[in-house]
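Take a look at the letters that make up each chain.
There are 2 protein chains.
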Amino acid sequence: MLAERQPVGSSLTSEAARVASDVDALFGHYIGEPGDGRSRLFEAMRHAGIGGGKRLRPLLTVATARLFGIDEGRALRVGAAIEATHVYSLIHDDLPCMDDDDFRRGKPTVHKAFDEATAVLAGDCFHDLAFEIMSDPATHEDPFVRADLVLELARASGPNGMAGGQMLDLVAEGQALEIGAITRLQQLKTGALIEFAVEAACIMGRIAPEARTPYRGYARDIGLAFQMADDLLDHNGDEAAAGKRLNKDAAAGKATFVSLLGEERARQQCGMLVAQAIDHLHDHGAEADLLRAIARYVEKRDR
Amino acid sequence: MLAERQPVGSSLTSEAARVASDVDALFGHYIGEPGDGRSRLFEAMRHAGIGGGKRLRPLLTVATARLFGIDEGRALRVGAAIEATHVYSLIHDDLPCMDDDDFRRGKPTVHKAFDEATAVLAGDCFHDLAFEIMSDPATHEDPFVRADLVLELARASGPNGMAGGQMLDLVAEGQALEIGAITRLQQLKTGALIEFAVEAACIMGRIAPEARTPYRGYARDIGLAFQMADDLLDHNGDEAAAGKRLNKDAAAGKATFVSLLGEERARQQCGMLVAQAIDHLHDHGAEADLLRAIARYVEKRDR
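Those protein sequences? They're chains A and B, same order as listed.
Heads up: the first sequence is residues 1 to 303, going by the working numbering.
Heads up: the second sequence is residues 1 to 303, going by the working numbering.
Next up, chain A with everything else stripped away, as it sits in the complex:
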């Protein structure tokens, strides 16, 4: 499980590709081939979880862990646990009763490729997989760290985090939310897990809570900038490149950062948040270059 540390200067693209391939390998290790009636469930898990996505959350965990000299193989496992939570939420959010999406990451969504019941169960199983990876002794030698990672992941993904944000999003339909309410919704729906991806590395590094302020600031800014960039891509982007349906919020009459601020101001805000995120890292040298590169990518990404 011990991976060699990569040289700090290597490019974001190659680092991201390596993290993505390591996450695929780890998920592949856990998703077996039982050879009984459960095969369909395991196939659905592979369909949803392997080979796709930006893997932003594990990349953030690995990049933050680098600041504290944490073994990269272990940081990858923690990041993969967070990605498993993200995968579960995408499967459930795509269901007909939720956002009703047919495409995700350029492939049919799980309930389209399989069926709804299999999709509910595949999501539930990724939900369990997150906690199974997180609590495994291979993830961290200190059981206190493992238990703390589990506790904070459960809080970040439950009703006071990601799932609560999805509920706010569901009830937002047809409501005229203003900017404060949209910000709150997004901080729960996507921000909580992105922030936890950074926080998790602080927990692994046993960084005292009062010393986590710059990393929390970075994560909060990145999370909001990511959502603004998402709204901008939704407004202007290319469905083929995105691999999913775009502009559905506007079609459903939901307010977005772009509909509220206008395209130009949303773009400025996003750039400002990214600059602010990078500024939080001013005490760090080259070991924070990957976090800086991720911040710049969040602003410039085209999918």
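Just so you know, these hints were derived from the structure itself, not from any lab.
Any given hint might turn out to be false.
One copy or two, either will do: identical chains are not told apart, so a pair holds if it fits within one copy or between any two.
[To be verified] Simulated crosslink set (BS3-like; lysine-lysine; CA at most 30 Å straight-line):
| hint | residue 1 | residue 2 |
| --- | --- | --- |
| 1 | 112 | 248 |
| 2 | 300 | 254 |
| 3 | 248 | 107 |
Put chain B on the given structure of chain A with help from the hints.
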């Protein structure tokens, strides 16, 4: 959090009532009232999780913990975490795309009382709540025990446990399963979590795995007997008393223990398993009386 130990001789009914009321109180503590768009989600969680159910799993954890002199307040928290997993699975299994049930525990199912999207999210939130309770320092003082409880809960509820059993159940429709396949299905679908309710107390008591054999034997027998009794109730029972639709497996052309063995042999098998479960406890005195009473209840229950 420290609860006084109850005298061993008190009756099953009063012990079960106390456990049920403590589980309700703990869930109530966690399910807040946010005063924003998430209210509906929290209401759905209260609807599904508070005031209902036999609370068999937490009762098993509390009863097994008594063998090892474990603080009862802590055992209750572990049992409540397992019950949260059970509640999440009931909400999702009742969905129209799964078993499509309108009533549960004498009330409309969550998707009937609220809507499907809220039901998916309320299930997801109980899923998180299980791990949040389990990993909380209030649940056990030793972080190694907490992390181990989380790991084993994730395994018991995922694709190689409860969720895998539900998948087997879904694909069983219209198939002519024989007794071995039904036993395997039930051991995953309901057995895995019932067995974990007993195993969890062994983990709390730091019982060496090789010394857990009698408790695992007890749990396995109880789990199977419970399912046979369920099939018998389904066959003969009273829908009003059960608070849910009965005989749906037979209607869906699914094999059950009763359809395969006949009523008489199923009843004999159930009785034999209960006797065998009690026999596993022969090294214990009065401290195992609650476990014995639970075993007898599993055979005789009328709902």
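Evaluation of the provided hints:
1. 112 - 248: both (18 Å within a copy, 27 Å between copies)
2. 300 - 254: within (24 Å within a copy, 55 Å between copies)
3. 248 - 107: The answer is within: 18 Å in one copy meets 30 Å, while 35 Å across copies does not.
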